[in-house]
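J.: All chains, full assembly: derive it from the sequences and hints.
2 protein chains.
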Amino acid sequence: MADNIIDPFGTSVVEDYSRLFSELGLKPITKELLERIRRPNLYLRRGIDFAHRDFDKFLAAAEAKKPIAIMSGIKPSNEFHLGSKMTAEKLIFFQKEFKAKVFYCIADLETLVDNQIPLETSHQIAVNNVADVLALGLNPKRAFIYKQSAEKRVTNMAYLFSRKITLNHLQSLYGERPLGLYFAAFAQCGDILLPQLKEFGGPKNVLVPIGVDQDSHMRLARDVVDRVKEQFAFIPPSSIYHKFFRALDGEAKMSKRNPMSVLLLNDTPELAEKKIKCCVDGGRKTAEEQRRIGGEAEKCVNYELAKFHFADDDKVLKKIYDECYGGKRLCGECKAEVAKMAVKFLKKHQQKKAKMVKTAEKILSD
Amino acid sequence: MADNIIDPFGTSVVEDYSRLFSELGLKPITKELLERIRRPNLYLRRGIDFAHRDFDKFLAAAEAKKPIAIMSGIKPSNEFHLGSKMTAEKLIFFQKEFKAKVFYCIADLETLVDNQIPLETSHQIAVNNVADVLALGLNPKRAFIYKQSAEKRVTNMAYLFSRKITLNHLQSLYGERPLGLYFAAFAQCGDILLPQLKEFGGPKNVLVPIGVDQDSHMRLARDVVDRVKEQFAFIPPSSIYHKFFRALDGEAKMSKRNPMSVLLLNDTPELAEKKIKCCVDGGRKTAEEQRRIGGEAEKCVNYELAKFHFADDDKVLKKIYDECYGGKRLCGECKAEVAKMAVKFLKKHQQKKAKMVKTAEKILSD
Numbered sequence: 001m002a003d004n005i006i007d008p009f010g011t012s013v014v015e016d017y018s019r020l021f022s023e024l025g026l027k028p029i030t031k032e033l034l035e036r037i038r039r040p041n042l043y044l045r046r047g048i049d050f051a052h053r054d055f056d057k058f059l060a061a062a063e064a065k066k067p068i069a070i071m072s073g074i075k076p077s078n079e080f081h082l083g084s085k086m087t088a089e090k091l092i093f094f095q096k097e098f099k100a101k102v103f104y105c106i107a108d109l110e111t112l113v114d115n116q117i118p119l120e121t122s123h124q125i126a127v128n129n130v131a132d133v134l135a136l137g138l139n140p141k142r143a144f145i146y147k148q149s150a151e152k153r154v155t156n157m158a159y160l161f162s163r164k165i166t167l168n169h170l171q172s173l174y175g176e177r178p179l180g181l182y183f184a185a186f187a188q189c190g191d192i193l194l195p196q197l198k199e200f201g202g203p204k205n206v207l208v209p210i211g212v213d214q215d216s217h218m219r220l221a222r223d224v225v226d227r228v229k230e231q232f233a234f235i236p237p238s239s240i241y242h243k244f245f246r247a248l249d250g251e252a253k254m255s256k257r258n259p260m261s262v263l264l265l266n267d268t269p270e271l272a273e274k275k276i277k278c279c280v281d282g283g284r285k286t287a288e289e290q291r292r293i294g295g296e297a298e299k300c301v302n303y304e305l306a307k308f309h310f311a312d313d314d315k316v317l318k319k320i321y322d323e324c325y326g327g328k329r330l331c332g333e334c335k336a337e338v339a340k341m342a343v344k345f346l347k348k349h350q351q352k353k354a355k356m357v358k359t360a361e362k363i364l365s366d
Numbered sequence: 001m002a003d004n005i006i007d008p009f010g011t012s013v014v015e016d017y018s019r020l021f022s023e024l025g026l027k028p029i030t031k032e033l034l035e036r037i038r039r040p041n042l043y044l045r046r047g048i049d050f051a052h053r054d055f056d057k058f059l060a061a062a063e064a065k066k067p068i069a070i071m072s073g074i075k076p077s078n079e080f081h082l083g084s085k086m087t088a089e090k091l092i093f094f095q096k097e098f099k100a101k102v103f104y105c106i107a108d109l110e111t112l113v114d115n116q117i118p119l120e121t122s123h124q125i126a127v128n129n130v131a132d133v134l135a136l137g138l139n140p141k142r143a144f145i146y147k148q149s150a151e152k153r154v155t156n157m158a159y160l161f162s163r164k165i166t167l168n169h170l171q172s173l174y175g176e177r178p179l180g181l182y183f184a185a186f187a188q189c190g191d192i193l194l195p196q197l198k199e200f201g202g203p204k205n206v207l208v209p210i211g212v213d214q215d216s217h218m219r220l221a222r223d224v225v226d227r228v229k230e231q232f233a234f235i236p237p238s239s240i241y242h243k244f245f246r247a248l249d250g251e252a253k254m255s256k257r258n259p260m261s262v263l264l265l266n267d268t269p270e271l272a273e274k275k276i277k278c279c280v281d282g283g284r285k286t287a288e289e290q291r292r293i294g295g296e297a298e299k300c301v302n303y304e305l306a307k308f309h310f311a312d313d314d315k316v317l318k319k320i321y322d323e324c325y326g327g328k329r330l331c332g333e334c335k336a337e338v339a340k341m342a343v344k345f346l347k348k349h350q351q352k353k354a355k356m357v358k359t360a361e362k363i364l365s366d
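Chains as they are written, first to last, in the numbering used here: chain L, 1 to 366; chain S, 1 to 366.
The hints are simulated quantities; they were obtained by calculation from the structure and are not laboratory data. These numbers were taken from a predicted model, which means no experiment stands behind them. One should not assume that every hint holds.
Which copy is meant is left open, because identical chains are indistinguishable; a pair holds if it fits in one copy or across any two.
Claimed, not checked - Okay, derived cross-link-like pairs now, DSS-like style, lysine-lysine, Cα gap no bigger than 25 Å in a straight line:
1. K340 - K277
2. K274 - K352
3. K152 - K344
4. K152 - K164
5. K198 - K152
6. K66 - K31
7. K204 - K319
8. K344 - K362
T.: Encoded structure:
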């Protein structure tokens, strides 16, 4: 994996996001692009969504009232954490913003090969995950939510694509992997291209809002589009990438693989508060020093919690930032404030989610 | 492919079948085994079915009235030829002989990756193939006939298995292949193990009657059984292998890849007669020489047509053999006799088949 700067199957830390533009050919989210979005969400406003492939083409299609769709998915291997929340909220934002149909894939075949979780087990996790997405605001009436294991169009496409791409090609995109993960990658391609099948209205511009660690799947899907062009008039899918939300210990991207440093959406308010109060911050050695030279919000996971998740109001976020650097707030009180916002969110979310479990069961039983 | 003495994806010629016993670990079909079968068909009586894996265990299970099943399949890439007829007739024979349920797989995902035939096209070929199998005598009431592309249990198992077997392992079984063929091999494993899923009554002895060129799939399936033993109590599948029926030009195994030397089950009687009259025979340079020293039935494709297909009565076959070596029959008259038998079979088969097309359509539309 030495040559792969991002890892779709692992936990990645990107030290320098600017490398991704030159090395992967990503384009930055510019002011001009942002101006074409009526009500940018906090990820767009705050530069968390920082890069894209063909997002401009997606916007042009939307503006011209051409057919569009939004596609994303989840690996049903664990409870929703703040990272999964971010992907889901982007999906929901674009569904509303463009009144677009959403394709939401439960990547249970990837969970089967990557995490070796049996399909019966991941089904239960998936019901739980879908209830989270619905509670976060996904409109199921304008969504096609499915499990890979139940969607033969996806698995059949995986077989077709597997003949069009060589092992060397996969190794260049993913590094040396167990065979099963390559197979899972072809299923992902099927997911990404599913919205363009004739049953769903044929070719269209599809936006895939994901973490930048998932870019290999986009590159593979775009290469596949080129390889199958004689059979399918697929339009290369567009993508928009967010930066990683760090783990609470500040070490790596927040990931389900390291549960102790992860805030889960089903954490009790008490546990969430405790986790936040223990997170890595940007404080100085002493209160005196901090009052004198200010804290370092840019290094602080607590500040990131506010920036990525809980302080939707830009004025509130700016206040935290300014008071931190100005030495006007200490970490203890700051964490208490963010924890309060988090607890408010979690309580409301957990109430909504409880009402969505039956709907989620019904969606995945069809 | 230099090291692989058989090739499940290509056209194979086996010069020396005895090598397969030592190199692949196959066991011979012995007299003792034959005596345990009440009414052996011509393939068993004539040594065409020559080798097996665990056929003795399958027989023991049948004798002990334990659960058993028969499994085989077809690649829907072309019309039935005499090779496909042989596999189908073995399946039908074992269905009747053991009153066993048959699992018949339409390997359309393999056709997609290997022959690059789209699923819509192979569906039509599959309907045609299934009509052939039904006309040959398969009892659909005691059969589960399905397409790989429509059977998600098969494709889901393929994902599970793909994580249990390494690329090196596959290369040792199949040689260097395009990635898609490896994935097709995992689907084949799913087909072979499908009868043992709990929906079909759980673990059982399954007999797979196939050409010896398909043995790699059996080895892979048996290796997979070992790798997934913590999750599934699969019994290693049994197999019984037939020798290849040569092409009419005597060159290789009869194969759909070389249509001009292949007798198809939908050939018109006139065309079939013409093909047989042009086939490679064991005749001498002149009629005088042949009457003096006899012909060579063992080298003659016309004799093989009688032996493998059209002379079910052992006395008739013996008469042809003896008269050939005794110089009492010349090739022209012998071919006319075999062609007459072939035409009789084809006419009857084609009449039966015409009545089966609707049933075949119905089976594959479910």
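J.: Hint numbers the structure violates, sorted upward?
T.: Violated hints: 3, 7 and 8; rest satisfied.
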